[in-house]
Amino acid sequence: MAKRIDVSGLHVYYGDFLAVEDVSMTIEPRSVTAFIGSSGCGKSTFLRTLNRMHEVTPGARVQGKVMLDDQDVYGPEVDPVAVRREVGMVFQRPNPFPTMSIYDNVIAGSKLNNQRMSKAVADETVENALRGANLWEEVKDRLNKPGAGLSGGQQQRLCIARAIAVEPSVLLMDEPCSALDPISTLAIEDLISKLKENYTIVIVTHNMQQAARVSDVTAFFNLAGTGKPGKLIEMGETNRIFTNPEKKETENYITGRFG
Amino acid sequence: MSASTQLSPSSTEGGSTPSANTLSLGGTLPKPMPPATLAAIVVLGAGTLYALDAWSLPMLAVITIVGYMVAITTASAFYENGRKAKDRLVTAVVYTCFALAMVPLVSVLWTVLSSGLVRLDGYFLQVSMNGVTPSMDAGGAYHAIVGTLMITGFAAVVSIPIGLLTAVYLVEYGRGRLKQAITFFVDVMTGIPSIVAGLFVVALWIMLFGPGKTNGAAGAIALSVLMIPVVVRSCEEMLRLVPNELREASYALGVPKWLTIVKVVLPTAIAGITTGIMLALARVIGETAPLILTAGSSAVAINWNLFEGQMMSLPVFIYSQVRMGGAINYERAWAAALTLIIVVMLLFFAARMISRLFAPKLGR
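Those sequence lines, one after another, are chains E and S. According to the numbering used here, the first sequence is numbered sequentially starting from 1. According to the numbering used here, the second sequence is numbered sequentially starting from 1.
Calculated from the structure, these hints are not laboratory results. Glycine included, each C-beta is placed from N, C-alpha and C at the ideal position. Fair warning: there could be bad hints in the mix.
[Said to hold, decoys possible] Between beta-carbon pairs, the in silico distance windows are:
# : chain 1 : residue 1 : chain 2 : residue 2 : range
1 : S       : Glu237    : E       : Asp72     : 38 to 46 Å
2 : E       : Ala120    : S       : Glu237    : 38 to 46 Å
3 : E       : Thr26     : S       : Leu279    : 55 to 63 Å
4 : E       : Ala179    : S       : Val262    : 24 to 32 Å
5 : E       : Asp22     : S       : Val262    : 37 to 45 Å
6 : S       : Pro161    : E       : Ser118    : 51 to 59 Å
7 : S       : Leu105    : E       : Asn128    : 36 to 44 Å
8 : S       : Glu237    : E       : Arg61     : 24 to 32 Å
9 : E       : Ala120    : S       : Leu259    : 18 to 26 Å
[Said to hold, decoys possible] PhoX-like mimics (lysine-lysine), calculated; alpha carbons at most 25 Å apart, straight line:
#  : chain 1 : residue 1 : chain 2 : residue 2
10 : E       : Lys65     : E       : Lys111
11 : E       : Lys228    : E       : Lys247
12 : S       : Lys84     : E       : Lys111
13 : E       : Lys119    : S       : Lys84
14 : E       : Lys3      : E       : Lys65
15 : E       : Lys231    : E       : Lys247
16 : E       : Lys145    : S       : Lys263
17 : E       : Lys3      : E       : Lys196
18 : E       : Lys248    : E       : Lys228
19 : E       : Lys140    : E       : Lys228
20 : S       : Lys84     : S       : Lys31
21 : S       : Lys257    : E       : Lys111
Start from the sequences and build out the full structure, keeping to the hints where you can.
What follows is the structure, encoded as structure tokens:
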């Protein structure tokens, strides 16, 4: 189910402004890849190009190639909506749908697409997704209560459950823990390690300990300078990046001697 | 370090009992003091005015307000401190402004209720003015109620889809020149005087159907000219309040844009949208001028057909009854005014119910 992502020569523009320059990388299936780097260096922008979410921003466009196994994400006949069903996303701030119950939030992917689903199938999907997101035990008795009534960490796990309920092959996470307390963060990190058995996971994080804890591969992004585009500086096994980086910039960043 | 540990307990104490603030230089006026002062000044002022044989309620109000402000500020400046004196003065000013704002509201409600209840009964609500001479002790507003409901109902049916979809276009799709142009014209339309809208529709009807063919539908179109811009503006504001994160969450689940709008954006904003639509309806339901020009002011019989003949409405009914000038006409006018207010209140009540039904639920 998990798929490999192959990016080659990707440039991202906002209008005329080049935001990310020439990124090539391979993201292996059933692994966790972390993107680290300072704010504004384009890692979130790059992440959003992997499921064409950047197209929501007016003026954003890309050059280059993104392959999902052997399927071209930017192929001329490819529908961005179909790409997003294949490549799910979890955002920085938990964003459950406020008009829906916990139950409806989990099956929002089908519900919003007007897909008919028998009660039994829906029940099973909800339970599996919530178990998958380590939330089932906490909410099984109040599935009909509004999703917005949960705590921040629970809401974020609800969003993860919602994302995995549509059975994507890749899960993108854009700083999923930055709005959460340490306990909830731990819960999400445990969940990430469990999810990588079935999904390709890409996570953007500002927290280097988190990258070191959860990821197998780490990619370091940096700006070439103020007003210049962001670049992929170095990518490799997390252990090696944190103990023996090849580039000086990477070493400066991870040791805190940045700038 | 030691300063902060000393500060924190004293500051929490200060928070729970403001009177124990060790920083204040003076004491505190006892709690019953302000109302007692107010009562004393009212009694004193009333007594003085009575003794001088110059009794008037507005005069007493002015004396009370000025007297109270002077008394409480002086007392506070003397027993408390300058800061608290200012606080008490501003508090008095704020309450005065609130009371002044309430005066017209309460007065209007009271006048309409007391004058309107004379004639408002089941009979008034169930008969029309068909065959009733102006001074006869008979007749009612049923035809006007029917007209108001039909005309504003039709105006709503026309305006709500146009207004809501325009707002959706402006917020979700619109870009560049076209969006600017629409926003500009909507703003201009908000300022159109209602009589101009009426004239416009009269001219339109003459062009389309020939002279003298205006009917209830013409009135409804005139009202929707007034209503559409209000609906657009309020819906636009409400749609902009929907967090972008919800749209992104929906896109990220592989939901197309139109379904995202229909199933995420609109339901999230539904409470505000209904309120906005109700405000727009309330604005047009009391319009008189365009209806006199279009739906006519002389209908006396019940007319259920928007497309044939003249149609009475409550505001026009009030207007024409007042023009007739007899005591019984005034009674009818007040009763109709009360009916109109009740209709508007029922609408708002319905809107509250609708928005409560659909509103985002935040409880646990």
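Hint check results:
1. A hinted range of 38 to 46 Å holds for the C-beta pair S/Glu237 and E/Asp72, which are about 42 Å apart.
2. At roughly 43 Å, the beta-carbon separation of E/Ala120 and S/Glu237 lies within the given 38 to 46 Å, and the hint holds.
3. Taken as a hint, the range 55 to 63 Å holds for the pair E/Thr26 and S/Leu279, whose Cβ atoms sit roughly 57 Å apart.
4. Between E/Ala179 and S/Val262 the C-beta distance comes to about 29 Å, which sits within the given range of 24 to 32 Å.
5. In this structure the hint that E/Asp22 and S/Val262 lie 37 to 45 Å apart at CB holds, the actual value being about 40 Å.
6. At about 34 Å, the beta-carbon gap between S/Pro161 and E/Ser118 misses the expected band of 51 to 59 Å.
7. Take S/Leu105 and E/Asn128: their Cβ atoms lie about 58 Å apart, and the range 36 to 44 Å is violated.
8. For the pair S/Glu237 and E/Arg61, the beta carbons lie near 31 Å from each other, so the given range of 24 to 32 Å is met.
9. For the pair E/Ala120 and S/Leu259, the supplied restraint of 18 to 26 Å holds, since their beta-carbon distance comes to about 25 Å.
10. Of the supplied pair hints, the one linking E/Lys65 and E/Lys111 is violated, its CA atoms being roughly 32 Å apart against a limit of 25 Å.
11. At most 25 Å may separate the alpha-carbon atoms for a hinted pair to count; E/Lys228 and E/Lys247 meet this at roughly 19 Å.
12. Restraint check for S/Lys84 and E/Lys111: not satisfied, since their Cα atoms lie roughly 59 Å apart, outside the 25 Å limit.
13. A threshold of 25 Å between alpha carbons decides the hint, and for E/Lys119 with S/Lys84 the separation of about 65 Å lies outside it, so the pair is violated.
14. Distance check on the hinted pair: E/Lys3 and E/Lys65 sit about 16 Å apart at the alpha-carbon level, within 25 Å; holds.
15. Using a Cα cut-off of 25 Å, the hinted pair E/Lys231 and E/Lys247 holds, with the two alpha carbons roughly 13 Å apart.
16. Simply put, E/Lys145 and S/Lys263 have alpha-carbon atoms about 19 Å apart, close enough for the 25 Å limit, and the pair holds.
17. Under the criterion of a C-alpha separation no larger than 25 Å, the hint pairing E/Lys3 with E/Lys196 is consistent with the structure, at around 11 Å.
18. Straight-line distance between C-alpha atoms of E/Lys248 and E/Lys228 comes to about 19 Å, which keeps the hinted pair within the 25 Å bound.
19. Among the hinted pairs, E/Lys140 with E/Lys228 is inconsistent with the structure: their alpha-carbon atoms are about 49 Å apart, more than 25 Å.
20. Restraint check: the Cα-Cα separation between S/Lys84 and S/Lys31 comes to about 14 Å, which is no more than 25 Å; the hinted pair holds.
21. Simply put, S/Lys257 and E/Lys111 have alpha-carbon atoms about 14 Å apart, close enough for the 25 Å limit, and the pair holds.
Hints 6, 7, 10, 12, 13, 19 from the list above are not met by this structure, while the remaining hints are.
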